[in-house]
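**Q** One letter stands for each residue in the lines below.
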Amino acid sequence: MAREERERALTLRIGIDTGGTFTDLVVAEGDRVRAAVKSLTTHGDLPSGTLNALGKASIDGEDVERVVHGTTVALNAILTRRGAQVGLVTTMGYRDLLDMGRAWRPWEDALIDPRWRRPHELRPIIERHRRRTVPERVRADGGTVVALDEAHLLAEVAGLVGDGCESVAICFLHSYKHPGNEERAAALVRERFPQLSVSTSADIAPYPREYNRFCTCVLNAYAQPLMDTYTSELENRLQGSGYAAPLMFMTNDGGLVAPEQATARPVTTLNSGPVGGVMGAEMYSRRLQIPNLVGFDMGGTSTDVAVIADGRASIKRELELEHDLIAGIPVLEIYSIGAGGGSIASLDAAGGLNVGPESAGSDPGPACYGRGGTSATVTDAFLLLGMLDPEVELGGEIPPDVDAAERVYAALGDQLGATPVDLAIAVTEVAIHNMAEAVRQLTVYRGADPREFALLAYGAAGPLVATQVARSLRMPRVIIPALAGVFSAFGLLGARVFEEEVTPVMAAATEELAAELFARLRQSGARLGEAPGREDAHLEFRIDAMYAGQRSELEALVNPSHPQPLAHLRAVFDEAHRRQFGYTLAADIYVSTLRTRAVESAAREVLPPELETRDEGKPKGERDIVIGGERHQDVPVYDWAALAPGQRLVGPLVVEAPSYTAVIGDGDVAEVNSVGDLVVDLREA
Amino acid sequence: MLFPQPTDLTIDEPLEPVDAACPECGNEAVFKYRLVDYRGWLRVTKCRACLNVLDRVRIEPPAQGGA
Amino acid sequence: MSVRQEKESSTSALSAQEVESRYGIDLTVAEVLRHALRYISLQMQLKINAAALSPLLSEMNDFGIGLLGPRDEARDLDFDAIAMSTGAPAHFVINQYYARMAIEHWGAERFEPGDVVIYNDPYRGGSHVNDVGAVMPIFHEGRLMGFAASITHWLDIGGPVPTGFGPGLQRDVYAEGIRLSPRLLYKRGELVRETVELFTEQTRIADISSNDLQVVKAALQVGADMVGHYVDRYGPDAYLSAVEYTLDYSERAVRRALLEIPDGTYHAEDHLDNDSEGDPMLLRCTVRKFGSEIEIDFSGSAREDWNGYACQWSDTVSAAHLGLQAILLESVPPNAGAYRPVHVVAPAGSCFHALPPMSTNSGHLFFLVKSTTLVKMAISQADPKLAVGENYDDICILSFAGIDTRLKHPIPFVYIRFPLGPFGGSALGDGCCYMPIEEGNAVETSIEFEEEAQPLLFLEREFVTDTAGAGMHRGGPATRVVIAPLVDSESTYQLEQCRFPTKGAFGGGGGSMASILLHKGSLARWSGLEELAEPEVVAGFADPDDGAPIDPDDARAVFRISKLAGVHFKAGDVIALQVAGAGGYGDPRERDPEAVRRDVRNEIVSPAEAERLYGADLG
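Residue numbers (the numbering used here), protein chains in the order written: chain G, 92 to 776; chain E, 16 to 82; chain B, 1454 to 2072.
Among the hints, erroneous ones may be present.
[As the list claims (entries may be wrong)] The calculated EDC-like cross-link candidates involving lysine to aspartate or glutamate, where the alpha carbons are at most 16 Å apart (straight line), are:
hint, chain 1, residue 1, chain 2, residue 2
1, E, 47, E, 34
2, B, 1640, B, 1568
3, G, 407, G, 644
4, B, 1861, G, 232
5, E, 47, B, 1748
6, B, 2023, B, 1941
Calculated from the structure, these hints are not laboratory results.
For reference, chain G alone in the conformation it holds in the complex (with noise of 0.2 Å):
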């Protein structure tokens, strides 16, 4: 296809987060963005929720070049327990791993508690008499202790098959390194049981680590069959309702992939949506280059943190969806805390003030949602003191009810002796004191001074508290961005394809092996970059390692033409660890695993439309408000609509945009730029 007839027939991209609540939607072409949706998610029947979205923005399908989609199916999967009848196959003396999980309990729930149990124990994902050993056992350096006994294996899927599994996942020992015997058993299973889903560990999650690795790959068996009906499905009605462009998945550590991708591997796509924010940070960091950026989404029921720095967002080694119960593989980090707006204040017997984890989730919600929510909720905090509109439906949906939410706050106040603003007063502090320490958590803590870095508030409630946020921090400037109600979706367009290969070595580097290492990469490189359609593709080369005696491995992008390998080595490794822990080690450089990472080259910048010029807005009302435990007067409360590029407005002052209320605290000076973002530098604090 001529060049030319592309670009005109196919600019448009669209991002979909599907979340809880709702589907959010935004349509970029070229660079702009052209539309942004929200519409509720239909559970049971997602892919309706999505069409009904794309109805919502009126686009034409045949206009469409990609559809970036974000999902939660596999996380639900995993969390309500409603994935695949699943077996466990794995080495011989290992049969409990799941049910031991790394041993220690939760430090802030249970750490004393002789009461706890694990939540595989309760809500197992593979029961004892579905996981099953076979004789085979390798040595940490491949020679073989004993050998696979395939008639056993056979043996034990038949068992399993026989038992109602549809799926099966095969874990062994040390097979990220030597991943024969696992290889070998995958295809004696896959001949005999076609029917059956197989995951093999080294295949899912090419990581030392039994437990993890084992883990990652369960969950993945758990959730395959699931996810495989979804994508299919999805796929199926968006091109029989005319949208006929690739479906491409996000994954946790922002990436796009294929349905066949994510249907293989759900595990990566568990995170989509929140990462999709994480993209949209990395973007605005870009954009307004703000190297230092902390990404602030405020929702419901969890307060996501995310730090960009230098550029890029930081990355862990494992997603932790419920106690021990993990994807071990590298995902976009995003460190999160049980304090939203549905999460409920209460009082322990000792009079303790408690805000979180317990959240009244958006069924029956806070008691501002007047479906009979009795709990006191920070969004009835948030309304008490004025910060939310007492006119505006809450998410454009949803009359708040004022007297229910002073009602509840009243009740919980006269155990007190406060009055209900003053109690919706303490319970905001310690909401926002709880979510500057996650801020704290991935800045402070790790060296990173936190005045160094601008915080970037989205999600429906992120722009309520970002001024106070930030203040409690001493951190400069926060950045409210124009679409910060459907971030998450923008983000999904920032993201590009890319496949990876992995390689395992772990030893410490010398000269020799870091010179052999980087051949390896050069090769890796060369072979990724020779794959059919990669002529644009650019190539990144990371090492995961540590300094010698830690035991938990951080990644680092190297060049493997430099001249002097190990110092080079050792150069950007160092570099990685300062910015992640804050110090250096002279200790040797441990190499954990080589990556080599293909990504698509095309430019994915997009930018939310251009404000048109216009006479600065006035504001549309005032209101008391109470910011920082300050009660202020007649708050002039302005339309985010009516702002124009350049406007410039002192705090204290609300703005209210179509799914998020901003609130600028006293002295604050918010500037509108051009598309509409709210560049805020705080007053000295």
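Position chains E and B relative to chain G; hints supplied.
**A** Positioned in the frame of chain G, the structure of chains E and B alone reads:
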């Protein structure tokens, strides 16, 4: 300061009977003995029935490390 | 106001006005700072996790770190612990005694900003020589606002036994390793080289020590800086008021929980498998509880014994507190306020209160755990709601040291493993199958990593059928760990419940006993899927003729000491360590038949035992 192994097979904390009834509960199980509270060693006069402490004196322990 | 009234008022929640009038700060500031103190200690912990080289600190969380208040009589503050991290809970309480005695020895007035004082003498309110204490003063504009304090378990502290645990080999405290009275590690922010050299020259872990000593300081600094942040924001007086408020809050929480326990005197009795001669050691605990006061008394317990069969009073007290905190249904933020209602009687010269020069290095673990267990056992009798069956009841050790000959240039290796196990049933449900004892909260290390680093093969780690104590809610099953050294090795082991089964609660049955068995030269057989060589009992009951396992009730049975250092294993030996099964809760006949069927299906209980113990008709 060094100690040999005790010759008794089991060890009790010595309780010194106090000739007084507990002012709180009237019980006569009042003794003087040593115990540890959250800040360290005390010599207490205490009712074993209602745990009322009639008197407490902090014991400044000698460093036992041989210093 | 009479004493009794005072006690009652200290159990009621405060109104916003009472907070204001009593502490001079509003509820918001009080609550924000109460939460902040907990966060600060958590962050101090994360700093150590992230930066330490010793796996005991990075992964196994064998340390305690937190904040102490200043000495301020008017506010009733006396270097009290105001926030503790969630590392090893065994260190919660002890940090106060250890740090306070060090501060007093050094002289509170001598501290300068940037100083760090380090110490490890267990006879100064500590636990064992491997637990290294450190304090850093927190100043604000010249005023001492308190201390950041830590206890970190050093992987090796010198002395005759690698890792330091030398039951039977360390007769007295002089045989344990280096022992430091309080001294400067940092002087006004500058590392004191001679202090570091004590560690680099006298322990087996020079590199780890020189890094981790600096990590300790960095973590204490996090605490000092964060306190500084809040003092700057709210002012020193508001900060100290919030400290008072936070301590009182925890005290109220504990007192309220104590009020729920029926008043009375509760006795518990248990044994340690053996003393240094191999005879059982009787352990007794009496809990007296009245109102919101509690006294825990270890009178009647066995005398201390040489060779590691004793522990420090400070260890006993800390563990007794832990037993109480564990058995309460609500979790209470650990700080000095939470410890106020508790008195502990620890008779001097008993195994729970060593007198110098007894060695307490190994006994630290035995009696720490037993102290916690005894308190839980005693309070379990007070109320079925609170009761829990006995857990595997040990901080077990199995270590291997030798020369790793797999490499071109052979190097020495030291490996220590703390096998974990099951917990007992409770009113809420079955016991957890596998987790650390309450004293610690270790993360299980990766076998793949261990096999890369040491010449050891980890052949098995699995639950064992018919080991769980029966009950309406059963205990967790025992776990068996099978290890084969690939080179000749010297080992230490410490394992409890090899002589006495764990106990159930409220009609629940006991779990299976622990043991260590040796299958000589059996790695080749294991590889060939053959039967292993006849086992020889290393720890547990043995036939005196051939060392084979024997029924404990057999008159010929001899007990082999379950704690010993300096034991030699050969390359290719197969060593099987099985911890105890945990005790059940309630009458097994009342167990939900579906739960029995599930246990049978999952081979946790065999069909025969299901019928015998549960009367199950499996049709």
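**Q** Checking one constraint from the list: CA of residue 1861 of chain B to CA of residue 232 of chain G, max 16 Å. Satisfied?
**A** 14 Å, holds
**Q** Does residue 1941 of chain B sit within 16 Å of residue 2023 of chain B, going by the straight-line distance between their CA atoms?
**A** Between residue 2023 of chain B and residue 1941 of chain B the Cα gap is close to 4 Å, so the pair holds against 16 Å.
**Q** Need the status of pair residue 1640 of chain B, residue 1568 of chain B: alpha-carbon distance at most 16 Å?
**A** 5 Å, holds
**Q** Residue 407 of chain G and residue 644 of chain G were given as a pair; does the straight-line alpha-carbon distance stay at or below 16 Å?
**A** Distance of about 9 Å is within 16 Å: holds.
**Q** Holds or violated: are the alpha carbons of residue 47 of chain E and residue 34 of chain E at most 16 Å from each other?
**A** 10 Å, holds
**Q** Quickly compare the C-alpha distance for residue 47 of chain E and residue 1748 of chain B to 16 Å and report which way the hint goes.
**A** With a Cα-Cα distance of about 14 Å, the restraint between residue 47 of chain E and residue 1748 of chain B holds, given a limit of 16 Å.
The structure agrees with every numbered hint stated previously.
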